[in-house]
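Chains V and E supply the protein sequences, listed in that same order. Just so you know, we're using this note's numbering here: the first sequence kicks off at 1 and counts up by one. Just so you know, we're using this note's numbering here: the second sequence kicks off at 1001 and counts up by one.
Mixed in with the good hints there might be a few duds.
[Unchecked claim] Only part of the chain V face toward chain E is listed, based on derived beta-carbon distances under 8 angstroms:
| # | residue |
| --- | --- |
| 1 | Asn-67 |
| 2 | Arg-79 |
| 3 | Pro-101 |
| 4 | Gly-140 |
| 5 | Gly-173 |
| 6 | Glu-213 |
[Stated by the list, open to error] According to the in silico footprint, chain V covers these stretches of chain E (three or more CB under 8 angstroms from chain V):
| # | stretch |
| --- | --- |
| 7 | 1106-1117 |
| 8 | 1277-1286 |
| 9 | 1327-1335 |
These are computed hints drawn from the structure, not numbers from a lab. Built from N, CA and C at the ideal position, the CB exists for glycine as well.
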Amino acid sequence: MSILLDSTTRVLVQGATGAEARRLLPTMTDYGTRVVAGVSPGKGGESVGGVPVYGTVAEALREHEVNLSVLFVPARFVREAALEAIEAGVPTVHILAEGVPHHDACALLTRATEKGTFVIGPNSQGMVSPGRAKLGGTGGEVPDLMFRPGPVGVVSRSGGMGAEICLFLTRAGIGQSTYVALGGDLLIGSAFVEMLALFEQDTETRVVVMFGEPGTDREEEAARFIASGGFTKPVVAMIPGEFWETSPTPASVSHTGALIERGRGAPSGKKKLLREAGVLVAERFSQVVPLVQQALAQA
Amino acid sequence: MSRLLENDSLELLSEGGLPVPRFEVCTDAEEAARALERLGGRVVIKALVPVGKRGKAGTVKFAASVDEARAHADAILGMEVRRFPVKKLIVMEALDIAREIFCSISFDAPRKCPLILFSAEGGVDVEELAEHHPDKLLEWPVNILEGLKAQDALELARRAGLSGGLAEQAARAVCAMYGVFCAHDCEMIEVNPLAELADGRVVAAAGVVQLDAQALFRHPELEAKLGVEGGNGWRPFTDLEMRMREIDAIDPHVGAIRFSELDGDIGFMVTGGGYGLSSLEALLDEGGKPATTFDITPGRYEEKMRQAVEAVLSKPGIKGLLLAGNVSNFTRVDIKVAGVVRALKEANLDYEKFPVIIRYAGPGVEEARRLIAGVPGVEWREDEASIEDLAKRIVARSYGSDES
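Input sequences plus hints: build the corresponding full structure.
Listed below in structure tokens is the structure:
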């Protein structure tokens, strides 16, 4: 099994006729992703890689059942496209674009909460259920180099580090159930807690790896969720950036969410709470795979 | 980096309907003296710098005569505020303040909404207020789709302890701030103090507006005001950082560069937000002293990479160079490597002695390997190399503890 995405998930692609979608859509369908329709305003009637394209989400939904919409829409058009999918009643909306304005993200996430829509992103690099389906750029044209099916769920605020962790797990012979890049922005839809709740229900997942970052309180929420019994399987976590807390010179990172404000969101505090919740915290990258092996032996 | 200077911040607030004091921007003592005359003979002279804590730095002074204005202006213009030399002053009419209120608006990540912080006891740092008197700091989340309603703002002001006409004026001020927050895609607005004057008026006696860098495409007029004065957020740009901005500007559409110069001696050009941060931590753990941080967004950026590597190699005292990135999905790594190789060949160093370690993985790795083979001595690594392998190796080779 997997979470959110498998080979039966009926996927809608918004921004289907854009360059990014034309490039990535074939890699998704080749891998097994069931893309049922595309949407591009004013391009209804066209097709991309054999997938029919509609002018609006509502038109696509009249012809197809859809479980999830993935947005290949440029940042400046994300608000409108996401709201269209939310209003049309798509259950899960996955936003890939980097650089979505905060006010736009805030508006679409507010509406999603009101409508009960599950949102991943913005600024998610993608999602992979190895051997079944994938969304977005993650895994490239040869996903098997980085991913293989197995018992470890991987959730990361950083797309690059999520891919790197999966690469080293795969090299060690450890497969993944589902990998989700949450997105590095300040305002994102679902985070660790939502993913842990789904992984808890997934019988295939035996261990979860979470990669966090400085800033926000996503990791603190996860620690409280685990401590309260919401997630009962072993968790391995890595959160870099503790050096930053005592450094007079803030290093520049590209994630707008990675800001420590008024002492909130400091990695040391996140790691402390996670440890107290029984999470295996990797202080270094090389500890991640051994800790996962240790956790699998216990699980 | 996307923080407006105080004069621009106050202008935005004023346009949004929040009264602000009269002020002028000056660059020398004589201008400050003339400003005092025009502003009614009693002024506050403040450093116009892109950071806070100006009062603590001694760069906020009251003047009641042209001589005082000249003397204070001269003194402040020679000072620094948290690494920023004072080159401009803001001269503001002195206010007869009866009460100081604090108000800020920013985004709350957990609740995914705009959050107003309000205190009837302003004037002090919000950090201090939050730490010592959290009960006096009111948090007020706003539904961004509904906006801030006038009656809610009034309720907020009353719950914070204000009453009567003051509560009404403060509520109007908060609504004006919220309007500015939305109209200009702000990330944060802070007015501290929001001042009740002796004559009963409520004005923004000081203001900070921070824009959302991801929304500047909608506000070219504000982007133009940001300029380079804000530096990298904590100090002015160095010459090397200015050079990197020029390199970034050769193509604004491809490969946005993010760069900081640090005090160390290892050229650190490890890309990817999470990967770069993890690698920097590993380098510090190993005792490495980074001379730079560097990130570039994916694209056809061969020329930018060539010039960026050339610029980093030009930094005096540099002992080694680490170039790395997390495993790439689609972006061909050989494009990046082609630029790196050109820079290394042009620099023509002895790479047996000056260590250069390069790690990339993903599409184009075979071509990258072939290109690297053309520069003897450069150490090439692929997907088997972990973050710590690279950190250990560059530290050992740069600091001479490894003779192999």
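Structure-based check of all given hints:
1. Nearest Cβ of chain E to the Cβ of V:Asn-67: about 23 angstroms, over the 8 angstroms cut. The hint is violated.
2. Violation of the interface hint for V:Arg-79 is found here, the shortest Cβ-Cβ separation to chain E being roughly 11 angstroms, above the 8 angstroms cut-off.
3. Hint status for V:Pro-101: holds, given a least beta-carbon distance of 4 angstroms to chain E, under 8 angstroms.
4. Annotation: interface hint on V:Gly-140 holds; nearest CB of chain E at approximately 4 angstroms, less than 8 angstroms.
5. At about 14 angstroms, the closest approach between the beta carbon of V:Gly-173 and any beta carbon in chain E exceeds 8 angstroms, and the interface hint on this residue is violated.
6. For V:Glu-213, the interface hint holds, the least distance from its beta-carbon to any beta-carbon of chain E being 6 angstroms, beneath 8 angstroms.
7. With 6 residues carrying a beta carbon less than 8 angstroms from a beta carbon of chain V, the stretch 1106-1117 of chain E meets the three-residue requirement, and the given coverage holds.
8. With 7 residues having a beta carbon nearer than 8 angstroms to a beta carbon of chain V, the stretch 1277-1286 of chain E meets the requirement of three or more and the stated coverage holds.
9. Only when three residues or more bring their CB closer than 8 angstroms to a CB of chain V does the claim for the stretch 1327-1335 of chain E stand; here the count is 4, and the claim holds.
Hints 1, 2, 5 from the earlier list are contradicted by this structure; the remaining hints agree with it.
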